[in-house]
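Asker: Put the complex together from the two separate chains, hints included.
Line order of the protein sequences matches chains A and B. Residue numbers are given in full-length UniProt numbering: position 12 of the first sequence equals residue 12, and the series is strictly consecutive. Residue numbers are given in full-length UniProt numbering: position 166 of the second sequence equals residue 166, and the series is strictly consecutive.
Source of the hints: derived by calculation from the structure; they are not laboratory data. No residue lacks a Cβ here, since even glycine has one placed at the ideal position from N, Cα and C. Hints may be right or wrong, so weigh each one.
To be verified - Pairwise CB distance ranges (calculated): (1) A:LYS11 <-> B:GLN234: 49 to 57 Å; (2) B:LYS301 <-> A:GLY62: 50 to 58 Å; (3) A:ASN31 <-> B:GLU92: 19 to 27 Å; (4) B:GLU289 <-> A:GLU27: 31 to 39 Å; (5) B:SER6 <-> A:GLU77: 39 to 47 Å; (6) A:ASN249 <-> B:SER105: 33 to 41 Å; (7) B:SER183 <-> A:LYS5: 44 to 52 Å; (8) A:GLY10 <-> B:ASN4: 32 to 40 Å; (9) A:ARG30 <-> B:LYS237: 50 to 58 Å.
What the hints assert, rightly or not - As a list, the in silico SDA-like pairs of lysine to any residue whose alpha-carbon atoms are at most 25 Å apart: (10) B:LYS51 <-> A:CYS232; (11) A:LYS243 <-> B:ILE37; (12) A:LYS239 <-> B:SER32; (13) A:LYS200 <-> B:LYS206; (14) A:LYS243 <-> B:PHE83; (15) A:LYS142 <-> A:ARG129; (16) A:LYS243 <-> B:GLY78.
Said to hold, decoys possible - Negatives, chain B to chain A, calculated, CB over 12 Å: (17) LYS13; (18) ILE97; (19) ASN173; (20) LYS303.
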Amino acid sequence: MLQIKADIIGKEEVMPGVFNLILVSPEISRNARPGQFVHVLCPTDDGFMLRRPFSIHRVVPGRAFEILFQVMGKGTEALSRVKIHDTLDIIGPLGTGFKYSEDIRSALLIAGGLGTAPLLFLAEELVERQVLFYPMLGYKTKTQMLRYIDFKRLGKKTYAATEDGSFGHEGTVVDLLNRTVHNIRPEIIYACGPVGMLKKISETADEFGIECQVSLETKMACGIGVCLGCACVTKQGYKMACKDGPVFNTRDILWGAEDYEKGLANGCGCDNQALSDTDSAG
Amino acid sequence: MSVNLSVNLSGIKMKNPVMPASGTFGAGREYSELMDINRLGALVAKTVTLKPRDGNIPPRLCEVSSGMLNSIGLQNEGIDHFFKHDLPFMKEFDVPIIINIAGNSLEEYAQLCREIDRVEGVSGIELNISCPNIKAGGIAFGASSKLAEQVTAAARYNTQLPLIVKLTPNVYNISKIARAVTSAGADAISLINTMVGMSIDTNTFKPNLGNITGGLSGPAIKPIAVRMVWEVAQSVKIPIIGIGGISNALDAVEFFLAGATAVAVGTANFINPQTMTDIISGLEAYLVEKGFTDISQIIGKVKT
Ligand SMILES: Cc1cc2nc3c(=O)[nH]c(=O)nc-3n(C[C@H](O)[C@H](O)[C@H](O)COP(=O)(O)OP(=O)(O)OC[C@H]3O[C@@H](n4cnc5c(N)ncnc54)[C@H](O)[C@@H]3O)c2cc1C
Ligand SMILES: Cc1cc2nc3c(=O)[nH]c(=O)nc-3n(C[C@H](O)[C@H](O)[C@H](O)COP(=O)(O)O)c2cc1C
Ligand code: FES
Chain A
1 MLQIKADIIG KEEVMPGVFN LILVSPEISR NARPGQFVHV LCPTDDGFML RRPFSIHRVV
61 PGRAFEILFQ VMGKGTEALS RVKIHDTLDI IGPLGTGFKY SEDIRSALLI AGGLGTAPLL
121 FLAEELVERQ VLFYPMLGYK TKTQMLRYID FKRLGKKTYA ATEDGSFGHE GTVVDLLNRT
181 VHNIRPEIIY ACGPVGMLKK ISETADEFGI ECQVSLETKM ACGIGVCLGC ACVTKQGYKM
241 ACKDGPVFNT RDILWGAEDY EKGLANGCGC DNQALSDTDS AG
Chain B
1 MSVNLSVNLS GIKMKNPVMP ASGTFGAGRE YSELMDINRL GALVAKTVTL KPRDGNIPPR
61 LCEVSSGMLN SIGLQNEGID HFFKHDLPFM KEFDVPIIIN IAGNSLEEYA QLCREIDRVE
121 GVSGIELNIS CPNIKAGGIA FGASSKLAEQ VTAAARYNTQ LPLIVKLTPN VYNISKIARA
181 VTSAGADAIS LINTMVGMSI DTNTFKPNLG NITGGLSGPA IKPIAVRMVW EVAQSVKIPI
241 IGIGGISNAL DAVEFFLAGA TAVAVGTANF INPQTMTDII SGLEAYLVEK GFTDISQIIG
301 KVKT
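One chain only, chain B, in its complex shape (with noise of 0.2 Å):
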C-alpha cells in the first residue's frame, strides 16, 4: 500500500513534508556528499542577510541537557554571494528552495524580498524575525506583535512569492504574534526558533558562549514547540511548519498531531545526517501502520 506523503504549503509544492531547519543545512553543499538531498520536501538555507555578517564571538558552541545552546549570531556572506554561490548549488536539485532571511529594519527586509522576487528558481521566503542585533531598541521583531507585523507587511508588499514567517518562542503570548503576522500576509508561519538560555562553566566561573547567552535547540525543547504549534493551530487558519527537536518520524508525527502541515530538522542533523531521510521513511511506516493513505489525515488530530 503506498501513502500520500505530498503536501501544498500555500503553493509551495512539497514531494514529502520534511525540510531542514535553517541554519543547520548551510545551503547543502556538505550534506549532499553524505545524503540524498533530491529526497527532500524543501531545501531551506541559512539566514542570509544583505550585507554580510561575521557572526558572535566564541565559544558559539555548548551541549547541555538534551539539547544544544549556539550563539553564532547569523554569520553569512550577504545576498550577492548567496545569489552567486549558493542559489546555483540548490538549484541542482529537483527540491523547492526557501530562502531565510534576516534584517536590520524593514528596509532591508524589504529590500532583501525585492531582490529574492528578481531571481529565478525560489519557491519561498522565510522572515526570520528573532534575529540579534536590530535596529528596534534591540527587541527582536519577534518578540512584539505590532512590529512583527509590520516587518510582515513590509516583505508581503515586496514579494510575490510564499511568505513564511518564523517566529521566535521567546514570548509570552505566541497566538498574539501568529494572528499579527497572518494579517499582515504571511501565507506559512514556522516555529520554533531557539529559546534564549545560559549555560556557566562552574570552574572557570565564565559563560560558555562569548556571546553569553545563546539559542537553546534540541529534543529539550521539542515540547514546547509542540505545545506552541499547537496554539497556533487553534488560532490561525494558514500552514504551519512544526521544528523544534525533531529527531525521529515519531516526534514528527505529534507536530502533525498538533497541527503542523509540515516539518523541518535542525540540530538531529548534526547528530546523523540521515535523520531527515529516516523519518520520511518513517513517516510513511507510520501511516501504513496506523491505516492512513495521506498524510493530511493525521494534521490536526490531536484529540483534546
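Here chain A stands alone, though its shape is the one from the complex (with noise of 0.2 Å):
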C-alpha cells in the first residue's frame, strides 16, 4: 500500500458517463491484483470530500493501472473533469482481490453494469495463465455495452444480456446464468455489479455446488481498515470491505438483516446489544 501522485497519461469517455482514466504509477502496476482497488482523492474545490475508491482496471504491465468509472455524484463528477497530466492523489493498492487455486481449469466471470472494472483485469490475468474462462455480461441496452469487445476478444465464450433485448439474451444477466450454467458448469464464479443481482448468483452458484466470489461495495471513509466503517456482515462476523474485501466468498455473505438475525440466532459472535445500540457517536 502506497500513497502517490499519479500523472493521468490518459483519459477517454467510453460511453457517455463513464470514463476511462489511464495513471501512472510502477508500483501499483506491479503489485495490483485483480479484485483490489485504490482510494481516490477526488480534485474538488468545494471543500470537505472523503476519498472514493475504484477497482483497479488493467494494468499496463510495469507502469500504469486504469479505472474505469461512472459519474454518479460530486467525487465522480470532480473526477470526470480531470484533465491529462493532471496528477491524482491515490492510495493503493488495496484490499484482497479474487482467488483461485493454481489448478484452476474454468470460470465464469458475471458482470453487471461497472461490474466489468475489476472483472477485467481479472480476465486477462486468467488469460495469462491459459484458464478457460466465459464472460457473462448484463447490460440496459445495445449502446451501453461496456467492455463486451475487450470481453469477447479474451474469453471462451462470451454471453450478453440486455434488458431491452436489443443485443443477446432479452433479461438480466441472472436468468441467463440460469439458463446455461448447466450447460457451462464453471469450476468457479467471480461476479461485480449491483447487490440484488450478486446475491441472486450466489444463490445459483449455491444450487449447483459452485464456488462464487463477489466483489461488494459500501461506503468507504479509511479504505485501509482503521475506521471499521465499510463493514459487511459474514457468518463469521462483520467484515470489512476495504480490507477482508472487497472480494468476499459468497459462501460467508449474510445477505440482509433478515439473515443477519438468523446469523445472530445461530451464534456467529455478533452481540445483541450491538442491535439495540440507540446512541452510536463511535
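Answerer: So, in C-alpha cells, the structure goes:
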C-alpha cells in the first residue's frame, strides 16, 4: 500500500458518463491483483470530500493502471473533469483480490454494468494463466455494452444479456445464468455488480455447488481498515470491505438484516447489544 | 530560527502537540505504512472495552456537507487482545501512548484502569464518556455532570497514570461537565467527541445509517469545538486537547488560541494520511512567521 501522486496519461469517455483513466504508477501496476482497488482523492474545490474507491480496471505492465468509472455524484463528477497530465492523489493497491487455486481450469465471470471494472483485470490474468473462462455480461441496452469487445476477445465464449433485448439474451444476466449454468459448469464464478444481482447469482451458485466470489461495494472512509466503517455482515461476524474484502466468498456472506438476525440466532459471534444501541457516537 | 513545539500535558511529555483522535487511527498499524508515526506528539488508540464489541449494524458511514456521520459502535477486540496485539506494536515507536477506554458501568471503567496500570509503557488513559450502550438508563456518562464526576472518580482511584477525560458536545453546559470531571481528579480534558446527527435517503426514505443516528465529525463541527474549548478553558485550569474538524495548521492554531494545549486530528486522516505531519510542519512555519519561539506563546491568547 502506497500513497502516490499519479500522472494521468490517458482519459477517454467510453460512453456518455463513463470514463477511463490511465494513471502512471510502476508500483501499483506491479503489485496490484485483480479485485483490488485504489482510494482516490477527487479534485474538488468545494471543501470536504472523503476519498472514493475504484477498482483497478487493468494494468499496463510495469508502468500504469486504469480505472473505469461512472459519474454518480460530486466525487465522480470532479474526477470526470481531470485533464491529461493532471495528477491524482491515490492510495493503493487496497483490499484482497479474487482468489483461485493453482490448478483452476474454468471460470465464469459475471458483470452487471460497471461490474466489468474489476473483472477485465481478472480476465487478462486468467488468459495469461491459460484458464478457460466465460464472460457473462449484463447491460441495459445495446448502446451501453461496456467492454463487451474486450471480454469477447479474451474469453472462450462470451454471453450477453440486455434488459430491452436489443442485443443477446433479453432480460437480466441472472436469467441468462440460470438458463446456461448447467451447460457451462464452471469451477468457479466471479461476479461484480449491484448487490441484488450478486445475491441471486450466489443462490444459483449454491444450488449447483459452484464456488462463487463477489466484489461488494460499501461506503468507505479510510479505505485501509482503520475506521471500521465499511462493515459487511458475514457468518464470521463483521468484516471490512476495504481490508477483508472487497472480494468475498459468497458462502460467508449474510445478505440482509433478516439473514443477519438468523446469523445471530446461530451464534455468529455478533453481540445482540449492537442491534439495540441507540446512541452511537463511535 | 527554531521554535519549540513541545508541550507537557499533565505529565505526558510530547515533542509536539499533535496526535490522532481516538478511533481514526486504529493502533497506527495501517497508517504506519503511509506516514511517519515517530513524528507525532502522541499515539492515541481506538477505544477499547473490557470485552470484545462487534459494533453496529451497517451501513456505518455517510458523508454529509462538510463532514461525515459514523455509527461504528465502538467495535473492538477487547482489552486482552489489545494488550497482546496492539500495545506491543505501538511501543515500537518513540511516542507516548494514550489508551482510550469505555465501559458499560463504573466498575468496568475502574477495572480497565487497573489493568492498564499494571502494564508497562503506557503514558496516559483517555476516558471516552460519550459511548453508546451503557447501564445508566441509556444516558451517556458524559451528558450528566454527576455521572461524569462519578466515572472520573472511579477511574482516578484506580490509576496513577495521567487521566484525560473526553467530553461529548451533546450537552447544554459543557463547562459544568468540565468542572465536574476536574474536581473528580481529571488531569486533562479532551473535546469534542462527535455530535449526534442523522441523514435520510430521499429515494428510499430510509436513514443512511443502519443505526439511524450517528456521530458528526469533520469541518462541520469545528466552530462548535473551538467554542467549547474556549468555554472550558475559561472554567478549568487543567490542559485541554482540542478536537473537531482540524485539517490543517491554521485550524489547529484556532484551537491553541482558544486555549488548547494540544490538538487531535480525526476525520482528516482519512482524506490525507499526511495531515498530522503537515500540521506539525505548518505550526512551526506559523510560529516563525508570527515571530514566536514557543507554542505556549499562543495558547489561550484569543483577544476577546
Ligand atoms: C471497492 C469498490 C470498488 C469500486 N469500483 C468502482 C469502479 O471501478 N467504477 C465505478 O464507477 N465505481 C466504483 N465503485 C463505486 C464508486 O466508489 C462510487 O460510485 C463513488 O464513490 C460515488 O461517488 P460520488 O461522489 O460520485 O457519488 P456520491 O455523491 O457519493 O453519491 C451519488 C449517488 O450515487 C450513489 N452511490 C454512491 N456510491 C455508490 C455505490 N457504491 N453503489 C451504488 N450507488 C452509489 C449514492 O447513494 C448517491 O445516490 C466502487 C466502490 C467500491 C466500494
Ligand atoms: C470513524 C470514527 C470513529 C471514531 N471512533 C472513536 C472512538 O472509538 N473513541 C472515541 O473516543 N472517539 C471516536 N471518534 C471521535 C473522534 O475521536 C473525534 O473526537 C471526532 O471525530 C471529532 O474530530 P474530527 O472532526 O477531527 O474527526 C471517532 C470518529 C470517527 C469519525
Ligand atoms: S473504510 Fe475504513 S475500515 Fe474500511
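Asker: Determine for every hint whether it applies to the structure shown.
Answerer: Hint-by-hint comparison with the structure:
In this structure, LYS11 (chain A) and GLN234 (chain B) meet the distance hint of 49 to 57 Å, their C-beta atoms being roughly 54 Å apart. Remark: the range hint 50 to 58 Å for LYS301 (chain B) to GLY62 (chain A) is upheld by a beta-carbon distance near 54 Å. Checked against the hint of 19 to 27 Å, the pair ASN31 (chain A) and GLU92 (chain B) passes, with Cβ atoms roughly 24 Å apart. Range check, GLU289 (chain B) to GLU27 (chain A): about 36 Å between beta-carbon atoms, so the 31 to 39 Å window is met.
Range check, SER6 (chain B) to GLU77 (chain A): Cβ separation about 44 Å, and the 39 to 47 Å hint holds. Remark: the range hint 33 to 41 Å for ASN249 (chain A) to SER105 (chain B) is upheld by a beta-carbon distance near 39 Å. One distance hint, 44 to 52 Å for the beta-carbon pair SER183 (chain B) and LYS5 (chain A), holds here, with the actual separation near 51 Å. Between GLY10 (chain A) and ASN4 (chain B) the beta carbon distance is about 49 Å. The supplied range of 32 to 40 Å is therefore violated.
For ARG30 (chain A) paired with LYS237 (chain B), a C-beta distance near 56 Å keeps the hint of 50 to 58 Å intact. For the hint pairing LYS51 (chain B) with CYS232 (chain A), the CA-to-CA distance comes to about 21 Å; that is within 25 Å, so the pair holds. Proposed proximity of LYS243 (chain A) and ILE37 (chain B) is supported: the alpha carbons are some 21 Å apart, at most 25 Å. Distance hint between LYS239 (chain A) and SER32 (chain B) is fulfilled; the C-alpha atoms sit about 22 Å from each other, no more than 25 Å.
Under the criterion of a C-alpha separation no larger than 25 Å, the hint pairing LYS200 (chain A) with LYS206 (chain B) is consistent with the structure, at around 23 Å. At most 25 Å may separate the alpha-carbon atoms for a hinted pair to count; LYS243 (chain A) and PHE83 (chain B) meet this at roughly 22 Å. Of the pairs offered as hints, the one joining LYS142 (chain A) and ARG129 (chain A) is violated, with about 31 Å between alpha carbons and a cut-off of 25 Å exceeded. Proximity of LYS243 (chain A) to GLY78 (chain B) is assessed by CA-CA distance (about 20 Å); at most 25 Å being required, the pair is judged to hold.
Every CB of chain A is more than 12 Å from the CB of LYS13 (chain B) (nearest about 26 Å), matching its label as outside the interface. Listed as outside the interface, ILE97 (chain B) is consistent with that label: its C-beta sits roughly 17 Å from the nearest C-beta of chain A, beyond the 12 Å cut-off. The non-interface label for ASN173 (chain B) is consistent with chain A: the shortest C-beta to C-beta separation is roughly 18 Å, beyond 12 Å. Non-interface status of LYS303 (chain B) relative to chain A is upheld: no Cβ of that chain comes within 12 Å, the nearest being about 28 Å off.
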